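Residue numbers (this note's numbering), protein chains in the order written: chain D, 1 to 465; chain V, 1 to 458.
Please keep in mind that the hints were generated in silico from the structure rather than gathered at the bench.
In this text, all values refer to a predicted model and were calculated from it rather than measured experimentally.
Check each hint, because a few of them may be wrong.
From chain V, some residues computed to sit far from chain D (all C-beta separations above 10 Å) [claimed, not checked]: (1) Ile102; (2) Trp178; (3) Ala293; (4) Thr300; (5) Ser363.
Straight-line alpha carbon distances no greater than 25 Å define the calculated PhoX-like cross-link-like pairs of lysine-lysine that follow [as the list claims (entries may be wrong)]: (6) Lys237/V - Lys359/D; (7) Lys243/D - Lys237/V; (8) Lys249/V - Lys127/V; (9) Lys373/D - Lys383/D; (10) Lys367/V - Lys353/V; (11) Lys149/D - Lys255/D.
Each residue gets a CB set at the ideal place from its N, CA and C atoms; glycine is no exception.
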Amino acid sequence: MFGNGEAVTHSACSNGSVQTVNGNLEEKLDELRLLMGKVDGDPLRIVGVGAGAWGSVFTAMLQEAYGGLREKVLIRIWRRPGRTVDRALAKHLFEVINSREDVLRRLIRRCAYLKYVEGRLGDRVLYADEILKDGFCLNMIDTPLCPLKVVTNLQEAVWDADIVINGLPSTETREVFEEISKYWKERITVPAIISLAKGVEAELGPEPRIITPTLMINQATGVPIENILYLGGPNIASEIYNKEYANARICGAEKWRKPLAKFLRQPHFIVWDNGDLVTHEVMGGLKNVYAIGAGMVAALTNESATSKSVYFAHCTSEMIFITHLLAEEPERLAGPLLADTYVTLLKGRNAWYGQKLAKGELSLEMGDSIKGKGTIQGVSAVKAFYELLSQSSLNVLNPEENELVAPVELCPILKMLYKILIIRESPVEAILQALRDETMNDPRDRIEIAQSHVFYRPSLLGHQP
Amino acid sequence: MGVVSNEYSNGSVQGCNSLEEKLDDLRGLLGKADGDPLRIVSVGAGAWGSVFAALLQDTYGQFRDKVQIRIWRRPGKTVDRATAEHLFEVINSREDVLRRLIRRCAYLKYVEARLGDRTLLADEILKDGFCLNMIDTPLCPLKVVTNLQEAVWDADIVVNGLPSTETREIFEEISIYWKERITVPVIISLAKGIEAALEPVPHIITPTKMINQATGVPMENILYLGGPNIASEIYNKEYANARICGAEKWRKPLAKFLRQPHFIVWDNSDLVTHEIMGGLKNVYAIGAGMVAALTNESATSKSVYFAHCTSEMIFITHLLAEEPEKLAGPLLADTYVTLLKGRNAWYGQMLAKGELSPDMGDSISGKGMIQGVSAVEAFFELLSHSSLNVLHPEENKPVAPVELCPILKTLYKILISREQSSEAILQALRDENLNDPRERIEIAQSHAFYMPSLLGQP
């Protein structure tokens, strides 16, 4: 405890709270506990599922904020066991530890240091789950987190959870939550689930539509969609953990989104709430599609700001065009969507992946799960959006040729990304050719097309017409 | 003729035949007879004005009987010793430039200046292709005229490369020399700044309007060319898009004439809105530079800033444009590059780092005019006027539009009234009472805000 005063601890890696323990934090926790019907002596159980960068940071932020209130809340994170840390990474981790006095002291104090020396020397194999207990995320080695309670058994992790944070890639969400549903078969209480996943899938029959991670969770577990929320926004996980000022948006039913926004909000992490779950979740996936292309353009033109701008003009107009198919009032997405896109294009692993492909340092055959980076969600999203927008049942009128075409024909960048990343019939350089096609429409024309016709298809997001 | 690929060639980068055709089309449109060359004059030698003239010279300069391209700048501006030393390094590091100067017997004056034995003038180095605001990017040699009357009296096409703050003054002088003209010239303006006039009703004065008022040339003959322009990148053949806005008679043929493989020019009829948006983005570019410097290039903080400044820009477009959504993509794309790179963002960074201060003024040696500063004042004054009040959705009372634009207000306090330091921009962003930027857009879209009088329209 901090005695009489309301002292504020500023250390980014403190084991305790970064806000006053006596005041706001305990109040916020108590409000949430009450809403979930927790009585004294029954802690609120929050579980992060999946230990990618953002999932780990999210859990660590909660641990730092609320972990000091041990009788009222327990925070843990699940990840699969058995993932080894290779020798090069172990060496790098050792350097990180030794360069950070606070981290070094903490490990020494917890008698947890020597295994890293052994790992450095190659005398011992370290595992991702054991280093995560000490706060090292395999996808974010340079940014040590606070120590976390790590559980590698999924049943033990989630069976009694009150709040589950989905930190899995969308490509693993369905599978893991189907397993979770077995352990929840006899539950009485219904948990709240917050999903951080940004990928999407396309389902083509009986009607073409997008399957979002929250819908996957709903289908896999039977938890009502009212209890499932999406948290989106720009997230360079290491920057958020280092207290860079960031905004996020929690989307879902009103019952949960407002109290959760309040609970999650911190001085440097502002959380707004929004009722439109599906559109924001889908847009989170859409921007990753174009982030890959942005990375390619940046690398191929040696970071030319002018070429980035040309790319941005075209990709934003395609995104706006696509939002007109998916949302009833798409203009309202314009500012926030493009702002999120801005950071996703600037930095982030999808843009990084595009750069590496363009430089030849990575190849498509290596797959979309990259060591040290995690899953590149944009790749599967390219496939999902392309397949969806290629369906002839969604045809729109091409104003120049005055004929019906699939929407994807008006999205040349998406088409080109599909050719580069999925069917692989075009080299990475083709992205520049797509941009430099003189017959390409002024991006403003594409927006005008979208705005001058009624394109909205409620069925694409599973809404009832 | 074949296609020449050398990007520093004095000749064409396209087949001669198609270029000559484009030139002939334009000459025909302007009524030029054989033996009477088309005269194109760039007025003002900032980075973009110089690059624009150089692109035309590189492309069409070979057709000496059909077109003459020249650039006007004021005489007498000296090149300081440090810049002369740097220029000498640039010259010596570029074999093509060095060879050219030696061949033209124009090299030794740079040696003398390097040694401090001679003072160079901006107009004399521009003849050799060196723009004072863009020393690192040598251009092709240009015909430089320092007498304004001699430069413009018989011009067919005038390119306005002046800052907006000098446009009215210079074109008023030009109108004296044009008093007895028979033909009406075509004017393309590159200027991005604006002014605010508060009488008889508050409205914006754009550079094209200034030119129209100063010279009497009809608006039909005045066009605005906008788009992201990092001048040195465009000259180095980075792929770029631009948009020429104005009356149909001229904008389509000029778009065709100006278009090159690496410089795509689209045409658009909405002159006023695009010209103003070109100015608006410079306002927020300064703030972006401040945020970048204060947060050590944090992408997360840049994104927060971008969300708020784009929502303010969208809000402002709803006051100025009848169909503002159509600006969303291109406006924000231009904003993207302006925030990333460009002298307004650079200026914001320098202020935040303490390497420059507002007292030094908004014309910086080596960079040129920072148009965003005067634009902050113009937009702030305009949007502060009580006759433009809008309903504040939370407090349910009328407020001036500027009250819903906290970033613009803060930039005004930092740059104009100077009652706050650069750090205030972060405080404005981190105010927990700040509305979700989406709400600002929703406010704009849910009410009819459009005020034609702001753009001088009925």
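Item to check | Violations among the numbered hints, reported as their numbers in ascending order | outcome: Violated hints (numbers, rising): 4, 7, 8 and 11; every other hint is consistent with the structure.
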